[in-house]
Amino acid sequence: MKPIYLALLVIAAQAFAQTNPPELGVQSQLGRVAFYKAFAGYSYFTPTAFSSQFRCVGVSEPLCQINVYNSLTDDEKAQIQQLTQSEGLKIVTFSSINSKIVSNINENFVNLPNVTNPQILQLNTLDMSSGNVPYASVAFRTDAGSANSLKSQYQTAGLGTYSVQFQLHAQKTSAYLGLAKPGCVSDTLSPSVGKGLWWSEAAQLIDTAVKTCGLESFGFRPDEADHELRLNLEKTFFKHVFLHGYFVKEEVLTDVRDAPYSAYDIADPTDLNCRVDLDLRAGAVPVYRCAGAGK
Amino acid sequence: MKKVISRAVLGMVALMVWQAQAWPVIDKLVETGGEPIKVYPDQENNGSYWYIPQTIDPVTWDSRYKPALSYTRGKDLTFIFRGQASVDRPMLERVAKALNTDISKFTPIAYDTSNNVVCQNVYLGNDKVTWLYPGHIGNYLEYVPVSIRTTDGEIADEMYSLITSGGFACTVDVTFKAVSTAYKLQMTADMNQVFHRFEAGAHAEGFWWEVDIHTMIQNLYRDGIITFTKIEDVDAPKTSLDQQVQAVWDDVAKQITAMLFRPALKLPDGALAGRGKPWSLRLDYQESTERAHYQATLDSHNITSKSSQIALRLATQ
Chain S
1 MKPIYLALLV IAAQAFAQTN PPELGVQSQL GRVAFYKAFA GYSYFTPTAF
51 SSQFRCVGVS EPLCQINVYN SLTDDEKAQI QQLTQSEGLK IVTFSSINSK
101 IVSNINENFV NLPNVTNPQI LQLNTLDMSS GNVPYASVAF RTDAGSANSL
151 KSQYQTAGLG TYSVQFQLHA QKTSAYLGLA KPGCVSDTLS PSVGKGLWWS
201 EAAQLIDTAV KTCGLESFGF RPDEADHELR LNLEKTFFKH VFLHGYFVKE
251 EVLTDVRDAP YSAYDIADPT DLNCRVDLDL RAGAVPVYRC AGAGK
Chain X
1 MKKVISRAVL GMVALMVWQA QAWPVIDKLV ETGGEPIKVY PDQENNGSYW
51 YIPQTIDPVT WDSRYKPALS YTRGKDLTFI FRGQASVDRP MLERVAKALN
101 TDISKFTPIA YDTSNNVVCQ NVYLGNDKVT WLYPGHIGNY LEYVPVSIRT
151 TDGEIADEMY SLITSGGFAC TVDVTFKAVS TAYKLQMTAD MNQVFHRFEA
201 GAHAEGFWWE VDIHTMIQNL YRDGIITFTK IEDVDAPKTS LDQQVQAVWD
251 DVAKQITAML FRPALKLPDG ALAGRGKPWS LRLDYQESTE RAHYQATLDS
301 HNITSKSSQI ALRLATQ
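Residue numbers (my numbering), protein chains in the order written: chain S, 1 to 295; chain X, 1 to 317.
Hints in this document: simulated from the structure, not taken from any laboratory. Among the hints, erroneous ones may be present.
So the derived list for chain X, only partly shown, Cβ under 8 Å to chain S, looks like this [stated by the list, open to error]: (1) 27; (2) 31; (3) 32; (4) 33; (5) 88; (6) 112; (7) 118; (8) 122; (9) 171; (10) 203; (11) 205; (12) 260; (13) 286; (14) 305; (15) 306; (16) 313.
Note that the Cβ used here is the ideal one computed from N, Cα and C, for glycine as well.
For reference, chain X alone in the conformation it holds in the complex (with noise of 0.2 Å):
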């Protein structure tokens, strides 16, 4: 038979290591060493990965709970099927190896919503036959159950034969949460006039509220000492560079800020609502031609919700 990792206990490694993990990159892609399987890397965790497993098969657990087949030839059969979804062991250990990593580093992706299981019933309306399945799987921790029964005893070999050889088809509609890029941008600029542009601006003691920061760099911007180009790779969104340009201001506020402020000690007089924190320009900025040509890649990602579709075998093993 073959052995599969039973998602059951992948599901207790998962959470396990919940709270170190954050959530799959779906639009990153992960060298697989040519294995067809989907492998994304985590967020957060550098070396940590997960994977779509790719089709629900029958599952043994404990050797307690497994599929079930009574069948007497010619006369009856009931066929009790216990599925879960699963990914071949071998196949995630040649995966693991081609990233020089080990199994545990790998978690499945939890499906967030079943729905619409759809099973190649050539049987229905048939009278002699009772076949239920559920309308969802769940997410990965739990079993599929599917019942046959048929008093029928050439339907009852037949099923016997298909079952035995192969099994029944179905599929099923699933999503998953995941996170995708919302903007990949490089941004080039010229710190050394962005920060003579901030001297001039400046309150007294070089002081500025984040809310001006952020109204300067949008002018910086707007007079092309700051540029935006979009980077085309298969991650990137197929959003404009306008709308991608307008979700990056606060990252780029931080960039700069980061660079050329530090955290004001003394507040100047006037109301402080809605104006931000307050920050000192530094005036120990030191110029230089690398600062003159500054680059940075710039993105960040949404959660986002995916849907997809998943093969359900019915067979014995």
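So here's chain S without its partners, still in its complex pose (with noise of 0.2 Å):
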């Protein structure tokens, strides 16, 4: 038997309606941005989808500027949305805004050229725009030899690394019980909601609910994962009132009628140290690292 009630004990076992943080476990690429697939609640992707543009204009003395955008292609987008449409998922983004998540933020420009007096603007909030707004941006006076010198090079070598860093709040789930349709046990119980019923037409509909709404385990032995989830959904979702039978609790499924279900959730919190460069380079994508900080 798996020792739940030692998990229990461990972290983040709700019952439903999960606000989870990113979920380390299945982090894969999604064009530059790096996605966390969570088993139950949000999954998320980084909001650094980091690229560059260099440019000058004028004639004696030109003006150049090195530009970093933030923000999404169409494809990306469309990739994003496959995943909500195809699996279901609810995905979100973060930024300095969600504190919980995301914190100390460290932005700098690396290596630059060799320029006098470089203005220098950087936002350090991780805010990602459409795709006309610089995100962070350096401008600089040359002469007309040195811009052409600096055009070439930033096709080639590069202009020096625009580095960001951040501590990301993060999880890693090593066991995970529940259904994945989101309303789906709102939907199967809400018909049942006022009227009392014996203990057999309970199991009945709870029987319904594992069925129908898709059973989702790891960690877990088949026949543990469907005892569990089935003590866990009559816990969750039914009362008993003496003489009167079983009744379903309706304000729990009020508030579960979009959250995936998961009896449990079983993670470790955790802090990485993340980074992500960006070579200021024509066509360069960013890189992303994460490293465990340890709690």
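Two chains, two frames, a set of hints: combine them into the complex.
Below you can see the structure in the form of structure tokens.
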């Protein structure tokens, strides 16, 4: 038997409507952003779709700008949309406002060309925007020869790096047990609200929910998963009133209407040190890395 | 030209529904269908949402108020920028669709304060260029006026090229008010035992003063009959369990009073001052297995001020 009682003491065992931090176990790359797919609740993409542009205007003493943008391409948006539709995922992102997910954002231009009096603008928010608003930029004046040289350098070796470091609060789920389809339990039980039920009728409804809402589990044996889920559904959704039988808890149905139902979601929270490096070079894509910081 | 929702228009909508709105719950995430925008639920109204405009963009309102650019090649340039905080309307419509609602349910979060406008002013110290911009941008109803003028022909050509191909960049610090979770706890209690403890300590006819109910509840916590565990999700505060428990007593008293007591009809003799409301224990309380394992989620919100930065894009469109 899974040591559920101990596990419950660990952390984050909620019956439903969980707002989980990013889930580390199923990280993948979706275009330029990292994607953390959750077992229940929200899946996240990191707001790190950085790209750069270099341009100079003017003739005798050109004004040059290195612009860094943080926006998704149409193709990346389509990939995310596809996941919401094909897998029914609830997908969100975050920024500095969500300080319980991301903190200590530190951004820098490093190894810039040696230019006079560069004017640097940075947001330090991880905010994404539409494609034409720079997230960070450097502007400087130079001479015509240097401008041409820098244009050439931007196409080849690059003009340095835009480096973003932050701390990500995430979790690693070691065992999961739940029903994936949002609203499914509510839909199954709603017709019985207000009716007194025999226990056999309540058990029949639970059986229907387990069969139609798709049992998902790992870290449990199949028979354990089935047994534990039924017990948890019973405890969460039904109340027994002496001499009147079993009733569906109407208020709980409202709470879980749009949330995937998880009976057990045993997860260890952790803080990761993450960094994204974007070479300031034509066509470069950001490199995203995270390493455990421990608690 | 990209369609944007002017904050002025939405601001008026916001004012119309203001009475019905509360605050955005800033630590509660809302699905956005994958769109890179920050959307938060309303504290009071299920199905109402707030969003944070991401940039100050050029604005056109009524075809009269819009950025103006006067330029003579090789001679001079005057640029009057009018911008407002905005969000891409099609994006907001896609978010609304993902939430099975429409954009009338979305209200922009007004900036409470703004300061420290910083522009990438490479012309600083150049006496041939006059660049004026405000120190703050106001709240979401206000335009942001910026003016740039030069009579240097080469700089005029350079500025024209920049303004019509992306624009100049600025940033501004903003703050806004929202609510965030003060505590988020799971309470577990053997309510049958709680009832017996109250029954044993009651005055005649099951009478209890509010202040004594609070004291008894803390004793029940000390004795382990009521326990609390932290709920660890992203909107839960990072404060310790002890700190959260200190904040939760009123809420716990409200739950237990609602379950076990009713307002007392007959007051006992003695001083009333400082003892709170009088309550009578429900003598018809029914024990059950379920009540022996009573669980409730307790959370509460505080109004908080959040700071951020947003970008301005000084361009014609």
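The hints, checked one at a time:
no., hint, verdict
1, 27, "holds, 6 Å"
2, 31, "holds, 4 Å"
3, 32, "holds, 6 Å"
4, 33, "holds, 6 Å"
5, 88, "holds, 5 Å"
6, 112, "violated, 14 Å"
7, 118, "holds, 7 Å"
8, 122, "holds, 5 Å"
9, 171, "holds, 5 Å"
10, 203, "violated, 29 Å"
11, 205, "violated, 26 Å"
12, 260, "violated, 17 Å"
13, 286, "holds, 7 Å"
14, 305, "violated, 12 Å"
15, 306, "holds, 6 Å"
16, 313, "holds, 5 Å"
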